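Here the protein sequences line up with chains A and B, keeping their order. Take the first sequence: its letter number 454 is residue 454 in our numbering, and every next letter is one higher. Take the second sequence: its letter number 460 is residue 1460 in our numbering, and every next letter is one higher.
What the hints contain is simulated information worked out from the structure, not anything from laboratory work. Here the structure is a predicted model, which means the values were calculated and not measured. It is possible that part of the hints are untrue.
What follows is a list of derived Cβ distance ranges for each label pair [claimed, not checked]:
| # | chain 1 | residue 1 | chain 2 | residue 2 | range |
| --- | --- | --- | --- | --- | --- |
| 1 | A | PRO410 | B | ASN1700 | 29 to 35 Å |
| 2 | B | ASP1651 | A | PRO410 | 58 to 64 Å |
| 3 | B | LEU1209 | A | HIS31 | 31 to 37 Å |
| 4 | B | LEU1649 | A | GLN368 | 47 to 53 Å |
| 5 | B | PRO1369 | A | ILE179 | 55 to 61 Å |
| 6 | B | ASP1651 | A | GLU13 | 53 to 59 Å |
Where a beta carbon is used, it is the ideal one built from N, C-alpha and C, also for glycine.
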Amino acid sequence: MTTSIRFLLNDQEMDMTVPPGLLVLDLLRHHLEKTGTKEGCKEGDCGACTVLLGELTDSGMHYRPVTSCLLPAGEIHGKHLVTVEGLNLNHLTIVQEAIVNEGATQCGFCTPAIVVSLTYGLMEKGANFDDEDVKYVLSGHLCRCTGYASLLRAGKLIQQKAHSLTPSATQSENILQLIEKGILPSYFSEVPEKLKRMASIPPGNGHLPSAKFIAGGTDIYVQEGESLPDLAVTLLNLFPEMKGIVQKGKNLHIGALTTFEEFAAHPLIQKAIPRIKDYMLLNASLQVRNRATIGGNIVNASPIADMVILLLALNAELILTETSPTQKDKPMRRIRLRNFYKGYKKLDKSPTELVKEIVFSIPEPDEQIHFEKVSKRRHLDIASVNSAIRISLKDNIINQIHLSMGGVAPIPLYLSQTCDYLSGKELNLSNIQEAMEIAQTEISPISDIRGSAEYKRLLSRNLFIAHFCELFPDQFSLKDLLNIHG
Amino acid sequence: MSKWKPLEKMKILGKKYPRIDGAEKVTGRARYTYDQFKEGMLYGAILGSRYPAAKIVKIDDSMVWSLPGVKAVLTDVHPTGRVRYVGEEIAAVAATTPEILGEALRLFRVEYEKLPFTLYLEEAMKDEAPRVFPRRSNVNKPRIREEGNVEQGFAQAEVVLEDTFRTQVQIQTPLESHGSMVYWDGDELIIYDSTQAVHGVREGIAKMLDMPLHKVRVICHHMGGGFGSKLQPGIYTVIAARLAKQANAPVRLMLDRQLEFLTTGNRPDSLSRIKMGAKRDGTITAFFAKTYGTAGIGNGAGVRLPIVYSIPNVRHEHHDVYTNAGAARPFRAPGCPQASFAMEQMMDEMAEKLGMDPLQFRLKNDSNPTRQKEWMIGAERFGWHRRKVTPASDPGPIKRGMGLGASIWWPGGRGTKASMKIYSDGSVEVFCGTQDLGTGTRTHIAAVAAEELGLELKQIKVHIGDSNYPRSGASGGSTTSPSVAPAIKNTAEKARQELGKILAEHWNVSPEAIIFSDGYVIASGEAKQRLSWKEACGLLETDVLEVHGEWSEGLSSSGVAGCQFAEVEVDTDTGKIRVLRIVAVADCGLILDRLTTESQVNGGIIQGISYALFEERLFDPQTGAMVNPNFETYKIVGTMETPEIEVILFDEPERGVIGIGEPPTIPTSGAIANAVYNAIGVRIKSLPMTPDKVLQALANQKA
Ligand SMILES: Cc1cc2nc3c(=O)[nH]c(=O)nc-3n(C[C@H](O)[C@H](O)[C@H](O)COP(=O)(O)OP(=O)(O)OC[C@H]3O[C@@H](n4cnc5c(N)ncnc54)[C@H](O)[C@@H]3O)c2cc1C
Ligand code: FES
Ligand code: FES
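Just chain B, same shape as in the assembly (with noise of 0.2 Å):
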C-alpha cells in the first residue's frame, strides 16, 4: 500500500471542511441512544444502593409491582450482595412511562445491612480505616518504575526540593448521559448504546450473557459525548436486555444524572510526593516521587510521573487505594494531567531555585525535537517575554501573572477493518465499524476516501457505530484517527486498483496510467482518455464493486508532543482565578481537518481549565453520599468563562496520521498554577484552585 500523498497534492486533507454530519446536529434530526423509540417500547431505570458499604440482606418488589404501568422488575441485579459504594446497581425496573419510574424506584423495600466505609484518599489509606474489600488492604501494593540509579542522581545534583501536590477526581460528564435502548428480535439482542466501542461493547455484553457473538449487535449512530466513560460495556444494557426479554418489549434505559455522576467512571484523584535534583546549570539529575490515588473500588489510578522531561534516573512507587466509590475508567490522558500539575509545577520550583527562566529550564530538560519547535513558536505568539520575573509585583489586588506546561501523549493506530462498495451509477459507501464522538471520525473516513478516490467529501456515503460493520476498535487513547483513516486509504486504494485495472482494460492502457481526480477517471500519457467518476462506474454494469481493506504501518505514528502558554487574573480580595488567555501549541502529524482538529485542542483545554479551576467530587462525610451529583453544585466551565484561545496547529504531515484528542488537556492546570504563583507569589498544590484555597494561602503567606 502506498504512502499519503504529499500535503500539497492534497485536496481535501489537511483542509479545513465542514462535518457531512452537521446539518443533522444543527436541525435536531440527528438521534442518539436517547432519541431512539420502537413502538411498545418501556422505560427503564435502576435502582442504586443508598449506601456506600452494606449487605443487601432483602429487596421486597411487591409494592414496585402493584403501581400500574409496571412491566418489569428484577432484583438480582448485584452479583455478591455487598455493595461498595453509594449508587452502586442493585434493582431495576421497566415501566410504560418514564413519568412513574420515580415512583417505582422508590416503592422498593431494601433492607440494609450497613457496613463502616471509607471515602476519600487520604483518610483511606490510614490503618484503621474501614476496609473496601474484607481481605485485602485499601494501599494496593506499589508499582514501581526505576530508571538509571536516583541514588546517583541526588547525589551529583547540586539543588533537591521536595514537594506535595494534591489532585481531586474529576468526572466526565458527557451531556448525553450512559445507557441502552435494546429489543429482542428472536433470540438475538439488538441494542442501541451510546458507546465508544460498538464492537467492545459486543463482545463485552456477549460474554456477561453468555451469547454467541453474531446473535448480538450493537449500533451508536450518534452519542453525546464519552470522554473514556464510554469504553466499556455498560451493566446497565445487561440491565436493560433482561427487563426486555422479561417484558417482551423494547426498553430504553437511560441514566439520570445523578446515576451518571456515581457510577460511570471518573478520573481518579491524586497525591504525589516529589523529590527532584538538578545540577546548577540547569540538568535534572534524579527524579523520586511516590504516589497515591484512588480509582473508587476499581484500579487504574497511576500518576504518569515524571512527565515530559527527560530524566536519567527515576524511581516511582505508586499506590491505588480503594475507597467506597464508584471505580474509576479512563478520562481523557488518564494518569496526565495529575502528574503534569505536580510536574509542571516543580519544574517551575526548580527553575526559580536555580535562577533560570521556566522556558529555559524546560527547553533544557526536553528531548523531543518536535516539542523543542513548538515551545518557541508558543512562546513567541504568547508573548512570553513580557512575563514579571518578580511574582506578585503588580500593583493593587488584582494580579496577573504567566506560566506554561507541556503536553505529550504515546499510543498511535492498530488494527481497523473496512470495507468498500462502489455501484455503477458511482455511488459510493464506505463500512467501518469504529464509531463518532463528535470528533469527526465519519467526517475523515469521508475526506480520506474522497481525497484517494478524487471526489467530493458528500459523494461518500458512510456507514460507521455498527458492530456488523467491519472490526474496529474502540476510540480511545486518541487511537481512532490514526487507526481508522490508514484503514480508510487502503480500503479506497484498493477500490482505485480494481477501478483501474477495469478501465485500463477499456482503454487499453496500463493500470498505472489511470489518475483519479477531480471527478474524473483519467488516462495518462499518449492515450489522454477521461471519462466521468459516474461514467467510469458505469462500465461496471450490474456489478458491484466490493473490496476490504485494513489498517497498515507506515500511514500513522504515535507519539505526541505539545506545549501551553497561560495568562491569568487573580483577585486577592476575594480569591478568584480568571484564566485571560491560552496560547496552545498541537502537534498534529498529518491533519485530516484543521476545523475539527482546532475544536479538539479547544475542548481538551476547556475542560483542563474547568479542572483547574471547578470540578471536584464531594461527599458528605456522614452518610457516604456524593452531595454534587448534578450541575448546580459541579461546576463545568460556560462560555462566560471561556478565555481567549490561539490554538497553533504543528503540522509534520510526513509522520502520518496521530492521535491528537488527549494531549491538550494535559497541561492546562500547571500552567495555570504556574500563572497564579507568578501572578500572586504563592503556590496552590490542589486542584481545584478554588477561591477559598487562593485566599488561604495568601493568608498562610502573610503569617
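This is chain A alone, in the form it adopts within the complex (with noise of 0.2 Å):
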C-alpha cells in the first residue's frame, strides 16, 4: 500500500509515493539522504531523530518537535518538515555556535537533533526563552558523553543573544524576527504560502480505511514498528475531526486524538485541571507528548498509563464509534472508562470500533484533583506505580470520591470498593486508614522491571496518602502521615 505525500522538506517541495506506515527517519535517511538526522533507539526515547514538523494553523506556521523515528510518512502531507539541513545558514547560527563555543559537543551524534529542539525552543519563546524552557527542550535528548552541563551553558548563551528579541505573544511572530536576525533561514517566511498552495490538494487515495489505526504512532511503532510500512493502516490523524476540546454543557469533550501537550495546553483543560501542566511534565518527553493522543493511551490499555489513571479518577466516559470517522449515521456507543478494561489489554471494544471522544464532567469548585507517579527517573520514564484522585466536601462529609491507580493490577485501576467505603464518610485519619487497607485488597502488583511487589504495595500506600496531604495539608500533617507509616 502506498500514498503519494506532497509537503515542504526544509526549503524544497517534494512530492513522492510512499508506505504511509513508513517511518520519516527511514525516509530521511534511507531515501532521501539528509543523514543529520540521526537514529539512537528508534523507539522515542533518545531524542536523536528529532526533527520539526510545522503546520498551518489560523495563527500562521506552528513548529513542533516530534520524533521522526515514530511518524508515519503518509502524515507529514501537507506540512512543512525541518530537519537540521534546514536549519543551516551560511554562518552558525547562535543555537550551533553556542554549541560549539561551549564544547557542548563531544561525539556529536546527539547534537544535530539538540540543535533542532533548541532553535524550537527559540521560536517557541523568542525573548522569554529561560532556563527551564532549555532543561524542557532538552529533556527528550539522551547525550552519553558531555554530562549535559555544556550543553545547559550553550542554553545561557543562546538566551543572551535571544535578550536583543522583542517579547512577542506566537511562534509566527517569533519566527519572523529570528529571521531578520539571521537566525531562522529566509525560506521560512514563504513557508506559509506554499503550504497553502499544496494542503488545497486532498491526500491521496491511498487513505483507505482498515482496521489497523494510527493515532501518535508513540506505541504501536514501538511494539510493532517493522511490520507497519508493509501494511495497510488508517492514519487517523487525516481525520481532524477527531481532534480538540470543547465544552458541552457542565461537560468536556476531548478529541481521540488530542495529543498529551494539547491537552495540557488548553485553558479548559487547564481550569478543570489546575495542576495538568506540572503532572504532564512527568509524563514521556517533549517530542512524544506532542505526539501521543488520549485516544491512543486509552486503547493501549497499559496498566501504568498516566491519562488513563487521570481520566479514570475524572469518572470520564468514552464515546466509540463503528467503522470511519467520517461515515455519516455511524452508530455511537457510550460507556464508562472504568467498565472499558476486562483484562489484560482486553477491551470492550470491537477491532474497527474507534474511540471518539473522550467525556468527563466539569469539576464544580468543591471539588479538587490530584496525580501522583512515582517512577525511576523522574523524567521520560514510565511509572512504577501512578494513582490520581478527584473528590470534593461538604462540611468534612466526603461527598463524592473517585481513586485510581497504576501499575498495581493488569488493568488500570479504579478503587471502586475503596471509593464506595470512603464516600459519605468523614474525612479523617482512621477513616484513611481503613480505606487504605481495603484499598491494598482491591490491588495485585506483581514483581517486574519497574519495581517488586512489595516496593509498589509500599508506593501504593505513600501515593494513596501523598494525595490527602497534598489536598488537605491543614487536615493531615507529616506528622500524621509519618504515624501511618509505621
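Got two chains here, separate frames each, mind docking them using the hints?
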C-alpha cells in the first residue's frame, strides 16, 4: 500500500509516493540522504531523530519537535518538515555557535537533533527563552558524552542572544524576528504560502481506512514498528474531526486525537485541572507528548498509562464509533472508562471500533483533583505506580470521590470498593487508614522491571496518603503521615 | 626533542578554545559510519541466538532467499554452533532496503537444541549451576594479590570491620551503535567502522580474514561514542565483509539497539566481601577482600581493590565467574567504579567507627601528594564543614546528606607516530592514525601543532581516523592524549627545525636564532629579519616539507588523582534519591584544552550518577533474555536529573600531558552512597541505588 504525499522538506517541495506507515526517519535517512537526523534507538527514547513538524494554523505557522522514528510518512502531507539541514545558514546560527563555543558537543551524534530542539525553543519562546525552557526542550534527548552541563551553558548563551528579540506572543511572530536577525533561514517566511498551495490538494487516495489504526504512533511503532510500512494502515490524524476540546453543557468533550501537549495547554483543561502542566511534565518527553494522543493511551491499555489513570479518577466516559470516522450516520456508543478494561489489554471494543471522544464533567468549585507518579527516573520514564483522585467535601464529609491507581493490577485500576467505602464518610485519619487497607485488597501488583510487588505496595500506600496530604495540608500533617506509615 | 614551553608562554594549550570539527557536528554535516553510503550499497543485519545456551542443529535460509531484495545470506557465522548467550551471532543477511531486514531475519528457520543456562553471578557460583563451558567450572581460579602480611596487619588493628557490596552490570550504550560500512575494491577491503582503534581493527580484521595488512584499510572520521566498547574488531565487520563479497556490493551493517545491548560489551558486576582493620589513630593496617565478578562468557571482571588508599598489608582474591551473557569489554575505568563503590563506603564505615571525620580519615591514609592538595580544595569549595555529623538528622521525610570519594588512574602515553606536510603556500597538514571519539583528539592535534609552529588552530588541517596514516594506538585507557600530543609536538618541532634551517640559510643566521611566533618567522638578535608564515613557506618553492615524528618520553606522564564531593536529597516516602550537587577536583597535568577537559569530567560524573542510580542489565530468569535492552527500560541520566556540577581543573603543567577521561567516573557512585548514608542513616550496599532498595533498607532499619 502506498500513498502520494506532498510536503515541504526544509526549503524543498517534495512530491513522493510512499507507504503511509513508513517512518519519516527512514524516509529521511535511506530515501532522501538527509543524514543529519540520527537514529539512536528507534523507540522515541533518545531524541537523536528529532525534527520539527510545522503546520499552517489560523494564527500562522506552528512548529513542534517530534521524534521522526515514530512518525508515519503518510502524515507529513501538507506540512513543513524541518531537519537540521533546514536550519543551516552560511554562518553558524546562534544555537550552533553556542554549542560549539561551550564545548557542548563531543562525539556529536546527539548534536544535530539538539540543535533542532534548542532552535524550537527560540521559535516558541523568543525573548523569553529561559533556563527552565532549555531543560524542558532538552529533556527528551540523551547525550552519553557531555554530561549536559555544557549544553545547559550553551542554553544560557542562546538566552543572552535572545534578549535582543522583542517579546511576542506567537511562534509566527518569533519566527519573523529570528529570520530578520539571521537566526533562521529566510525561506521560513515563504512557508505559509507554499503550504497553502499544497494543502489545497487532498491526501492521495491511499488512505483507505483499515482497522490498523495509527494515532500518534508512539505505542504502536514501538510495539510493531517494523511491520507497519508493509501494512494497510489508517492514519487517524488525517481525520482532524477527532481532535479538539469543547465544552458541552457541564461536560468537556476531548477528541481522541488530542495530544498530551494539546490537552495540557488547553485553557478549559487548565481550568478543570489546575496543575495539569506539572503532571504532564512527568510524562514522556516533549517530542513524544507532541504526538501521543489521549485516545492512544486509552486503547493501548497499559496498566500504568498516565492519562488513563487521570481520566479514571475524573470518572470519564468514552464515545465509541464503529467504522470510519468520516462516515455519516455512524452508530455511537457511550461507556464509562472504568468499565472499558476487561483484563490485561482486553477491551470492551471491537477491532473496528474507534474511540472518538472522551467526556468528563467539569469539576465544581468544591471538587479537587490530584495526580501522583513515581518512576525510577523522574522524567521520561514509565511509572512504577501512579494514582489520581477527584474528591469533593461537604462539611468535612466526603461527598464524592474517585480514586485510580496504575501499575498495581493487569488493568489501569479504578478503586471502586475504596471509593464506595469513603463516600459519605468523614475525612479523618482513621477513615483514610481504613480506606488504605481496603485499597490494598483491591490491588494485585506483580514484580517486574519497574519494581518488586512489595515495593509497589509500599508505593501505593505512600501515594494514597500523598493525595490527602497534598489536597488537605491543614488536616493531614506530616506527623500523621509518618504515623500512618508505621 | 625539547620539553613543553612554560604555561605562561603558551598561546593555545592550557586555554579554552572551541573544537575544530564543531561546525561539522552542529550542522549535521559530520558523517558517521551510520551515514556512509555508496552507490549500490546493501543493508546488512545479524540474526542473534534466541536462547542463552543451545546447540544450533540447523539453519534453513530458503525462505530468506525467497524474499525479494535479499542479496546475500550467511548461515555459518558461528564457529562452533554452540551458542552461549542470547544475541550471539548465528546468521546474517544483506538486502537492498533496510525496511525488509526485520522480515528477512524472521524468515530464518533455526532449529535449536536448548541447553540449561545460568544468568546471574551468585547463581552461577553455586555448585549445581549449569556450566557455561562444559569442561570448565563457572568459577575461575583466583587471581591473588598480596602485599605485606595481612595476618600481622589485622593483629595490629584495633578496629576490624567486615562488609559486603554488590554492583550491577552496566552497558556502554554509545549513541551510535557498533557497525561498519564495507566494500571490496578488487581484493582490497575498505572498512568504515565506528571504532576506537582504526589500526587495531585493521590488524584484527586482517587476521580474522587471513588477509595481508596492506589490503585492509579502516576509516573512521567521526564516531558516536564508544566508552571502551569499540576498542576491538567486531564480528559484525567480518560478517559485513563476507556479505559484501557474496553480493559483490558494498554493505552497511549497523547493530540495532537491542543487539547493541546484548553483544557489544558491558561493565562486569561485582560481589566484594571486604575486611578492613585500622588503629584507633586512623591508620589502616590491613585489608582483605574476596571478590567475584562476571564478564559473561568472557574474562576480565576484576575489581581493583583496594583502590586509592595506601594500606601496608593487603590480600585480595578475585574470581571471574562465567555466565550465559555477552562478554564484557573495557568500560571507562575498567574494574574501578565497582571497587570504589565498596572501598569508599568501607572507608566511611571505618571513619564512623573510629569517630573520625571521613575526610580526615582519608587524608591520613592517602599518600598521593596531588590528591592531598585536591581534597582540601574540593572540601573548601563544596562546604564540607557543613556536613551533618549525625546521619539522618533532618526533620521530615526529605533528608539531605553529603559524601565523598576519590579517583585514580594509572597508564600514561605510549608510542604514536605522526607526519606533517608543509606546502609552499603555507598550508599545513598533520597525519596521525589515531581517531576522535568526541574527546577532542582532532582539535588537540591542531592545537599542539599550531602552538609549536606559532600558528592559529584553523591553519592546521588534521587528518586522522585512517589506518593509512602513521600508526597510533587505540583510544582507550585515557592514553590517547598522552600518546598523541607528544608525537605531534615532536613532529611539528622537527618541521619547525627543518623550515628554520631553510630560513637560517636564507637570512644567513644560525638556525637557533629563528623563532616561530604569531604567524611570523623571525630571525632574533642582530638580523631582525621577519617573514610572514606564508612568505617563509614560499621559500620551499615547488617542494613539500615532509617530516615524520613520534612519541617520546618526558612530555607526558602517568598516574592521575582526583576527588569528588556529592550532596543528595532522599525522599524517605518514595525512596527516591536526587543528586543535588557534585564538586569534582580533576587532576589534569598539562591541560590541552580546558573546554574538552571540563566536558570529559562532566561526562564521567554523569555516567557515574547514572551507574549509581539507574543503569542495570536485567534478565528474564525463564528465557534468559535481557528484559531491558532499550532506553525505555534501561535508563540513563537526562538533563532533568543533571545536578549542579562544579569541575575544578587542577593543573600541574610540569607533569606534561596525562589522561583525564576515565578517572572522573570512578568515585561518583561511592560518594553518592556515602551521602545517602549521611542523609538517612542506612547504607545502600548494592548498585543501582533504586527507590525500592532505599525503602527496603529503611524498613529493615525500623524492624
Ligand atoms: C519515549 C516514550 C515515552 C512514553 N512515556 C509515557 C508516559 O510517561 N506515560 C504514558 O502513559 N505513556 C507513555 N508512553 C506511551 C505512549 O506515548 C502513550 O500511551 C500514548 O498515549 C499513545 O498514544 P498514540 O496516539 O501514540 O497511540 P498509537 O501508538 O498511535 O496507538 C496505540 C494503540 O491504540 C490504537 N488507537 C489509537 N487511537 C485510537 C482511537 N482513537 N481509537 C481506536 N484505537 C486507537 C492503535 O491502533 C494502537 O493499537 C511513552 C511512549 C514513548 C515512546
Ligand atoms: S531514534 Fe531515538 S528517539 Fe528516535
Ligand atoms: S556528544 Fe556524544 S552523545 Fe552527545
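Each hint tested on the structure:
1. A:PRO410 / B:ASN1700: 29 to 35 Å: 30 Å, holds
2. B:ASP1651 / A:PRO410: 58 to 64 Å: 59 Å, holds
3. B:LEU1209 / A:HIS31: 31 to 37 Å: 32 Å, holds
4. B:LEU1649 / A:GLN368: 47 to 53 Å: The hint (47 to 53 Å, Cβ to Cβ) holds, given that B:LEU1649 and A:GLN368 are roughly 51 Å apart.
5. B:PRO1369 / A:ILE179: 55 to 61 Å: 58 Å, holds
6. B:ASP1651 / A:GLU13: 53 to 59 Å: 55 Å, holds
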